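Trainee: Protein chains in written order, with our numbering: chain V, -19 to 94; chain X, 73 to 186.
Keep in mind the hints are simulated off the structure, nothing from the lab.
Hints should not be assumed to be uniformly reliable.
[To be verified] Derived CB-CB ranges, DEER-like:
id	chain 1	residue 1	chain 2	residue 2	range
1	V	Thr32	X	Pro80	36 to 46 angstroms
2	V	Lys93	X	Arg111	14 to 24 angstroms
3	X	Gly88	V	Leu62	38 to 48 angstroms
4	V	Gly41	X	Arg81	24 to 34 angstroms
5	V	Asn21	X	Lys150	15 to 25 angstroms
6	X	Ser99	V	Ser49	35 to 45 angstroms
7	V	Gly(-19)	X	Thr148	25 to 35 angstroms
[Said to hold, decoys possible] Selected chain X positions facing chain V (Cβ under 7 angstroms, derived; list incomplete):
id	residue
8	Gly114
9	Leu175
10	Ala179
This structure is a prediction, so every number in the text was calculated from the model and none was measured.
Cβ atoms here follow ideal geometry from the backbone N, Cα and C, with glycine treated the same way.
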Amino acid sequence: GDSVTQTEGLVTLTKGLPVMLNCTYQTTYSPFLFWYVQHLNEAPKLLLKSSTDNKRTEHQGFYATLHKSSSSFHLQKSSVQLSDSALYFCALSVLNYNQGKLIFGQGTKLSIKP
Amino acid sequence: EAGVTQSPRYAVLQEGQAVSFWCDPISGHDTLYWYQQPRDQGPQLLVYFRDEAVIDNSQLPSDRFSAVRPKGTNSTLKIQSAKQGDTATYLCASRHRASQNTLYFGAGTRLSVL
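Next up, chain V with everything else stripped away, as it sits in the complex (with noise of 0.2 angstroms):
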């Protein structure tokens, strides 16, 4: 079935260093992947969304590619800061069935410290 995996649960860096989430995912159809920031107590936000292979999308500092060679949309940034701690999710909708139906990976706990 159609999944997302993120394989570091938690990540924590001194501010101004680069950054880098992992994200994998696994289907059969044409996928359309997104990025969520989650800050406490908050609801889940948009932060990055493709379905264009090999395209980098870039929004508040934050980039990512969609690769569909290695299934792959990593998160990055090149100097993180103290306000982006928080959680952040990759999820997966694929567009051929079920439109809209998110996948949700596990999650990544991004903390920053001074």
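Here the structure of chain V is known, so what remains is to put chain X in place on it, guided by the hints.
Mentor: For chain X alone, coordinates are given in the frame of chain V:
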């Protein structure tokens, strides 16, 4: 534009008690989702509607959980006899048919079952 509104924000129950969660989606959004999010985990889909029709409720524990969206706008999720394992945040999300599968989430209801 108003976002997705959920109430209550918090609920604390004893095992065996009943509880209802209410969701008001973004105006004009035809699709509405209920997700269950255990602490520090990814959201897991319980049920979703397109207008008033249930599209997928395969992950809804039907013996104790029920969900309705009678007029295709607001929705109610009910737990008939809560168990400690139901402790989680219950998220409602909505989507417009033209939104490229982008979901907008409410802040959620945090449920604790003692």
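Trainee: Hint by hint, note whether the structure agrees.
Mentor: Hints and how they fare:
no. : hint                                        : in the structure
1   : V:Thr32 <-> X:Pro80: 36 to 46 angstroms     : holds (41 angstroms)
2   : V:Lys93 <-> X:Arg111: 14 to 24 angstroms    : holds (22 angstroms)
3   : X:Gly88 <-> V:Leu62: 38 to 48 angstroms     : holds (43 angstroms)
4   : V:Gly41 <-> X:Arg81: 24 to 34 angstroms     : holds (30 angstroms)
5   : V:Asn21 <-> X:Lys150: 15 to 25 angstroms    : holds (24 angstroms)
6   : X:Ser99 <-> V:Ser49: 35 to 45 angstroms     : holds (41 angstroms)
7   : V:Gly(-19) <-> X:Thr148: 25 to 35 angstroms : holds (29 angstroms)
8   : Gly114                                      : holds (4 angstroms)
9   : Leu175                                      : holds (6 angstroms)
10  : Ala179                                      : holds (5 angstroms)
In the structure shown, no violation is registered for any of the earlier numbered hints.
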